[in-house]
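Residue numbers (my numbering), protein chains in the order written: chain P, 1 to 194; chain Y, 1001 to 1194.
The hints are simulated quantities; they were obtained by calculation from the structure and are not laboratory data.
Just so you know, these numbers come straight off a predicted model, no measurement behind them.
All the given hints hold, so there is nothing to weed out.
Partial selection, computed: residues in chain Y whose CB lies under 7 angstroms from chain P: (1) 1152; (2) 1155; (3) 1156; (4) 1186.
Partner residues aside, some chain P positions facing chain Y, computed with beta carbon under 8 angstroms: (5) 145; (6) 149; (7) 156.
According to the in silico footprint, chain P covers these stretches of chain Y (three or more CB under 8 angstroms from chain P): (8) 1015 to 1026; (9) 1098 to 1110; (10) 1138 to 1146; (11) 1158 to 1167; (12) 1175 to 1183.
Beta carbons are placed, not taken as given, at the ideal position from N, Cα and C, and that holds for glycine.
Number of protein chains: 2
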Amino acid sequence: MVETRRQQIEDAASALFRERGYSATSVRDIAQALNLQGGSLYAHVASKEDVLWSIVERAADRFDAAVGPIAESGTPAPDRLRAMVRAHVGVITGDLGNAASFLHEWRFLSPERRAAVNARRDRYERRFRRVIRDGVTAGDFAPLDPRMTGMAVLSALNGIATWYRPAGDRRADDIAADYADLFLRSLRRTSSDD
Amino acid sequence: MVETRRQQIEDAASALFRERGYSATSVRDIAQALNLQGGSLYAHVASKEDVLWSIVERAADRFDAAVGPIAESGTPAPDRLRAMVRAHVGVITGDLGNAASFLHEWRFLSPERRAAVNARRDRYERRFRRVIRDGVTAGDFAPLDPRMTGMAVLSALNGIATWYRPAGDRRADDIAADYADLFLRSLRRTSSDD
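So here's chain P without its partners, still in its complex pose (with noise of 0.2 angstroms):
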């Protein structure tokens, strides 16, 4: 896959962000990670601004289109949970830097972005939160709350961002299987909640 100059320049921006953070790298640093002038840079992005803006876009668009049809697919609760884990930990593995800088630096975007990332953001919390109420509902679940639980199961998923390292001795899919098997314990119906 031939990468454009403005996706060079996006993947090395979000690798600076996420080992420096956002307002720690400047403009001059992301030109040097790809031996470029600084001012050179400003031919492709319009700010450092801006960079953070089209990263957070792409990780929101990742985060939508690999677990948005899994959301609306209709299956029951337990597997749409368990599809559902494995694609968001897909999309967090499958590009750290871009994951991290979505989680943890759009808030230096401006107000109006802001806003429409926070906007973002509970729309796809709420696929979590309506899975667990769905496996609620159909007796599958355990009376617990969609919004806590949902708060708790997101939280866990997005801290393997910081976590994780693609060299490590455990495989993506693996720590997706074994999150979604600490999910599904927690929340399946048992005896005792009858």
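With chain P's structure known, arrange chain Y on it following the hints.
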């Protein structure tokens, strides 16, 4: 309680760090939040990094003081984990700015200080791995991987520092109890684990 000037500086700084991040906060911002001249702040602190270091050390001390004695208590793993969760959530919700600065801004410390924080975090995480391992050994918990399960538990708990609102409808103790229930549902050995 009379707050020292130094404590006021740390409180103002940690609130700003939580809101906009360490890098985007200047010494002048901290001074302004306290109605001080930027220069007069330097009578109390050597540098912005020095303030962050005090905040991070204070947070680490609080987590250790709250969770350490419980972790060493030798009580059965399910009760111990529940008490550790309550203590950990209490530290987070008791001072959100301090906890969030510790959790998210510590990477802006100098390499030596970062290494010191990393060592303390490792030691702290080990307490969660140990209670899980103890529960597995005693047959209270299913044979789960203590490392991964410990990461999932701590990531879920630390997410509270991001979404918790003191003026919200949920009390910190109730949130802690719900999280502990969620984790224990997941961890407890069931007949299908045999």
